[in-house]
Each structure stands twice: as C-alpha cells, then as structure tokens.
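A.B. asks: With these hints in hand, go ahead and build the complete structure from the sequences.
For reference, the chains in residue letters:
2 protein chains.
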Amino acid sequence: MNDLKKLGEFGFIRKIQKQMKARSPHVLTGIGDDCAILSPSGKNQFAVTTDALLEGVHFNLSWTSANALGEKAIAVNVSDISAMGGKPTAALISLGIPSNLPLKFLQQFYKGLDSACKQYNIELCGGDTVASKKHFFINIVLLGETNAQRTFYRSGAKAGDLIFVTGTLGDSALGLKLLKSRRKKWIAKERDLNFLKKRHLQPTARLKESRILTLSSLKITSMIDVSDGLLQDLQHICQSSNVGAIIDPQTIPQSKPFQRVSTANRLSTRELTFYGGEDYELLFTLNPQNAKSVKNLLQEIKASLIGEISPTPNSVFIKEKGGKLKPVKKLKGYQHF
Amino acid sequence: MNDLKKLGEFGFIRKIQKQMKARSPHVLTGIGDDCAILSPSGKNQFAVTTDALLEGVHFNLSWTSANALGEKAIAVNVSDISAMGGKPTAALISLGIPSNLPLKFLQQFYKGLDSACKQYNIELCGGDTVASKKHFFINIVLLGETNAQRTFYRSGAKAGDLIFVTGTLGDSALGLKLLKSRRKKWIAKERDLNFLKKRHLQPTARLKESRILTLSSLKITSMIDVSDGLLQDLQHICQSSNVGAIIDPQTIPQSKPFQRVSTANRLSTRELTFYGGEDYELLFTLNPQNAKSVKNLLQEIKASLIGEISPTPNSVFIKEKGGKLKPVKKLKGYQHF
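If you're matching them up, the sequences are chains A and B in order. The first sequence begins at 164 in the working numbering and counts up by one. The second sequence begins at 164 in the working numbering and counts up by one.
If you're looking for bench data, these hints aren't it; they were derived computationally from the structure. Please note: incorrect hints may appear among the correct ones.
Given that identical chains are not distinguished, each listed pair holds provided it fits within a single copy or across any two copies.
Okay, derived cross-link-like pairs now, DSS-like style, lysine-lysine, Cα gap no bigger than 30 angstroms in a straight line [stated by the list, open to error]:
no., residue 1, residue 2
1, K343, K169
2, K492, K178
3, K168, K340
4, K168, K296
5, K455, K487
6, K458, K371
7, K489, K168
8, K267, K297
9, K178, K321
If you're wondering where the values come from, they're calculated on a predicted model, not measured in any experiment.
C.D. replies: If you want it as structure tokens, here you go:
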C-alpha cells in the first residue's frame with residue numbers, strides 16, 4: 164500500500180490544508196466545505212480563468228521538478244489575470260493523481276504552489292483530488308478582481324495604435340528545445356542554458372508590470388499574454404479588434420542568453436520568438452498620442468515597441484529589411500489536437 | 164485526420180461557443196478573452212466549487228451517454244452550491260480530450276451541458292480544452308452567489324438539532340450496481356430499473372429545495388449535499404460542528420422502485436442508503452423549536468426527519484430496533500486512492 168492509500172483522500176486534503184499557508188483577505192471560507200466563499204471588495208468586478216496541465220502534454224516529469232511544476236501552474240494563470248489588468252485573489256486546484264505518484268512528490272508540488280501563492284498574494288481556497296488511471300493532471304482555477312474602468316480586453320485595438328511587449332521573447336521555446344534534447348552537445352555556457360530552461364520551467368507572470376500599467380493613466384486599448392506564441396496571440400487581438408498589424412522583426416526583444424545560444428548553434432531566432440509560445444509576457448496596444456510621454460514608465464516595465472496596428476482586418480504583416488511587407492500566412496502557434 | 168484535428172483547438176472553441184446558448188446577467192465577458200469577467204450583484208458573496216470527473220473512475224463511456232454526462236457534470240456542482248444556500252451563475256469547463264473521441268460525442272456532451280445550464284440559469288463563461296493521452300476528463304468550476312446571512316456551512320450543528328434529508332437515498336448506488344452488472348438477470352420491472360439507472364446517470368441537483376430553505380425563515384444550522392454517502396457526509400457535519408449524531412434507520416427515505424428492486428433481489432438496503440453516495444440530496448440540521456411549525460415547508464421540499472444531533476464529538480450512532488444504539492465504526496463512503 165502506498166503512502167497516499169494509507170492517508171486516504173480526506174487525510175491527504177487535511178495534510179495539504181495545513182501545508183498551504185498563503186492567505187487572502189478576500190477568502191471568507193476556504194478548503195473544507197462544499198464551496199469556498201469569497202467577498203468582493205467595493206465595486207470591483209470578478210475575473211476568473213482556468214488552465215489544465217497534463218503530464219506528457221504540458222509537462223514531463225523527467226525534466227521538471229515537482230516544486231517548479233507547482234509554481235508554474237499558478238504563474239500561467241496569474242499571467243491570464245494580469246493580461247486583463249486584474250489582481251489575483253484565490254485559486255482552486257483539481258488534481259488527477261496516478262497511484263504510483265509518491266506522496267513526497269505531491270508535497271513538493273504543494274510547496275511550489277504555496278510559494279507562488281505567497282509571491283502573487285493568492286489563497287488556495289478549494290479543489291478536488293481524484294485518482295487518475297495513468298497520467299498526472301492539474302487543473303487550476305484562478306479568481307481575481309478588476310476595476311471596471313481599467314479592465315483590458317483583446318478587443319479594443321485601433322488602427323495607428325502602437326504594439327508593445329514586455330520582457331524578451333523566445334527564451335521559453337528555446338529552453339524547451341534544450342530540455343527535449345538533453346543529450347545533444349550545445350555550444351553554450353552552462354549559465355545561459357540554465358537561464359533558458361528556467362524561463363520555460365519557472366516562468367514569472369508579469370503581474371507587477373500589469374499593476375503598473377493598470378494604475379497608470381496610459382491609454383491601453385487591448386492586452387493579452389503571450390502564451391500561444393507572439394504572432395498567434397497578436398492574431399487573437401487582431402481578430403477580436405477587427406484590425407491588422409505590422410511587426411518589425413528587428414525590434415523583437417531577445418535576451419542575451421537567447422542571442423548567444425541561438426547564434427552559436429545556428430537556430431532560427433524568428434521561429435522561436437514568433438511562434439514559440441509560453442513566454443508569458445504582456446502584449447498590449449497603446450494610443451500613439453499617449454506613448455511618447457511615458458517612456459520612463461515603459462522602460463520601468465521593460466516594454467519594447469514592436470509594431471503598429473493597421474486598419475485591414477486580420478492581416479498581420481512582417482516588415483522586412485528595405486520596408487517590404489510580408490504577410491504572415493499560417494500561424495504556427497501551439498494548437499491542441 | 165479526425166474531425167477534431169481538422170477543426171483545431173480554436174475552431175473547436177468557436178463551434179462550442181455558438182452551441183452554448185444559456186446566458187447569465189452576471190457574466191459581463193464570457194468565452195474568448197484571457198479571463199471571464201463577472202459582476203457581483205449587490206452585497207452578495209461569491210461561492211465557488213470545482214469537481215473533476217474522470218473516465219474509468221467517475222464515469223464509463225460504455226453505459227453513459229454524452230448528453231447525460233454533460234448534464235451530470237453541471238448538476239454535481241450545482242449540488243455543492245445548493246448545499247451552501249447559494250444560487251449558481253457561471254461555469255468554466257476544462258476538458259482533456261483523447262484523439263479518438265468523436266466530435267459528435269463532444270457536441271452531444273455540450274448539448275447536455277447547455278441543457279443543464281439552462282435548467283439552473285448558468286452561463287458557461289470559459290474553460291480550457293487540451294489533448295489527453297488516453298482518458299477523457301472533465302473539470303467543472305461553478306461560481307455562484309450567497310447571501311451572507313443565509314449561507315449554510317457544515318459547522319453550525321448543535322446538540323438537539325434535528326437532522327433532515329431531502330428526497331430518497333440509495334437510488335443512485337443501486338442504479339450504479341445495475342449498470343455495472345448489465346448481464347445479470349434482475350427480478351424487476353424495466354421501468355424500475357430505468358428509474359434507478361437514471362438517478363445515477365442524470366441526478367437532479369436540489370437547487371429548488373435549497374432556494375425554498377434559504378428564502379424561508381427556518382433556523383438551518385448546517386447543510387451539506389450527500390455525495391460521499393449519507394454517513395460519511397453526516398460525519399463531515401459532525402467533525403466541522405464538533406458534535407455527534409443518532410440516526411434512526413427506519414426513517415431513511417427510500418423510493419418505491421428502490422424498495423421493490425432491493426427486496427426482490429435480496430440486497431442490503433442499509434448498505435446502499437448509508438454508504439452508497441452520489442445521491443445529491445441535501446442533508447441539513449434544524450433548530451428543534453423551529454421544526455414543528457414548518458411541516459408544510461418540509462413536505463414541499465420532500466424532507467424527511469432521520470435523526471438528531473448529539474453532544475458527543477464525532478460519534479455517529481444507529482438507533483436499532485428496541486432503542487439500542489450501535490456505533491458507526493468505520494465509514495465506508497467513497498474515498499479516492
């Protein structure tokens with residue numbers, strides 16, 4: 164009989180309940196009743212998002228640690244709340260646990276969850292744990308609040324708006340490439356390889372950057388987080404806003420480790436930065452009158468200007484050297500099925 | 164290439180979005196952005212619950228229809244919100260879809276979801292669809308509202324309170340027994356067998372009954388829904404309230420089909436009604452001064468008096484014929500792992 168069987172479902176839940184220390188003032192009743200009860204603060208709206216992570220599809224237990232997995236499960240959902248201009252408050256987690264998964268793994272996983280919850284001020288307020296036939300799976304639901312006047316949708320971009328993205332792109336996709344081909348000899352410094360892998364395994368949600376944008380007076384017209392790949396997520400904005408976009412590939416922000424490893428190993432930086440996905444950076448559009456006066460703010464959140472919204476619906480173009488516009492034909496961001 | 168692959172993830176989501184017609188005034192932004200945005204009404208609190216359903220663990224595709232599965236996935240969560248005295252508003256659904264699952268099955272499943280959403284006034288406002296390696300899995304999150312003065316927890320039961328349960332118990336457990344042993348010859352009318360199977364496959368959440376209780380002036384001291392089995396859920400109330408309970412087995416409500424089938428086939432009605440689970444009836448405790456004056460109300464919601472709360476913490480007793488009290492030693496309700 165394994166550890167989990169000994170504990171039983173309710174014993175396991177009690178154990179986990181004690182382990183999770185992060186609290187939110189919004190949670191009136193947490194784990195242990197039929198529902199969690201939350202209180203809205205003032206006139207804020209509720210934001211809610213959910214993400215499912217499957218062993219063998221979204222993560223591989225041979226190269227991710229339980230702790231990192233717990234942190235990432237929270238971070239990817241915080242990224243969605245951040246992309247709306249919201250503040251996360253409470254999470255629920257459903258787990259499908261195969262019988263051979265060690266209890267120690269689960270404890271480490273919850274340690275990662277708890278540490279991410281503390282980092283982003285979230286309380287784990289409920290969930291469901293079930294036995295899974297074969298694969299480990301995780302479903303996180305994250306609740307948060309948004310101010311009605313400062314909630315950012317995918318649908319508000321207008322022709323002439325400037326397109327910004329925070330941080331750097333492609334690190335996570337390159338990190339995943341490294342993880343997948345561990346036996347290959349890469350021409351690279353260990354430190355660079357570790358930076359890129361960590362960007363994939365333990366991404367940071369841009370909550371701080373989102374708070375700065377939301378609390379500013381910037382005229383943000385649309386926002387999304389880059390999870391499916393820059394061009395695919397930009398297309399989501401274009402579709403919802405009924406506009407197009409022109410991107411300057413020279414301006415796509417890249418980290419130093421990314422540049423060094425991709426150059427030394429002759430990898431296509433465009434493939435990785437345009438289609439890679441899982442960057443969890445914020446992609447947003449800004450009214451152009453507004454952008455010039457706020458250089459400091461944009462510097463503070465490390466936002467780069469990468470293009471402009473155009474009036475033609477659903478047309479995304481790459482501005483090649485010499486100014487020629489090349490249409491993006493087929494978006495290759497990650498799709499399930 | 165199967166139908167799902169042809170559609171792609173986003174094509175599938177668009178298709179489903181069109182199919183889901185049920186709407187809620189609380190949902191300001193539904194499917195199609197990074198988060199759903201909800202508005203709280205007045206000073207109500209939010210209630211949130213989640214349930215994971217796995218193929219091979221919670222359901223068997225050889226005996227449940229896609230439509231019934233969709234209905235049940237919503238109903239079991241509505242049951243949790245009802246058990247707190249809440250009203251459901253919005254749902255999110257995560258699906259793990261194996262590649263061999265026909266698109267038609269998914270459409271029927273969403274038809275069931277939509278019909279249950281309409282029945283309980285819920286809007287599907289978001290979710291996540293991912294490819295699953297082997298088994299189909301469903302995770303539902305249900306949001307609702309509760310009035311702070313009329314939110315019922317597991318923790319308020321006091322010695323002397325009367326214990327009530329709505330509807331009848333054991334039908335679902337017997338229905339599951341029938342489904343599992345389809346080849347066996349049962350001494351029973353077809354109509355009775357169908358009634359019992361339906362109670363397992365398409366349970367009705369007691370939302371209407373919960374609304375009547377919540378809007379009444381009854382002094383309800385605790386409430387839970389019977390999902391793990393009567394005795395196990397009663398133990399949850401006893402643990403949370405630091406009390407005990409005495410149950411009279413003669414008063415456990417049983418349906419006519421349940422009585423006929425269990426008698427004719429010599430099945431233990433006690434095993435089925437005490438430990439069966441998945442009844443989705445409401446189990447609640449009432450201040451005794453209150454109970455006598457509200458017979459009509461209790462009749463309207465088909466509530467039966469089945470016992471009394473006692474002062475000894477965590478002690479559940481069965482009152483046998485002649486008045487002898489027999490302790491419930493080990494609770495055998497459903498536990499994962």
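A.B. asks: Find the hints from earlier in the document that the structure breaks and name them by number, from lowest to highest.
C.D. replies: none
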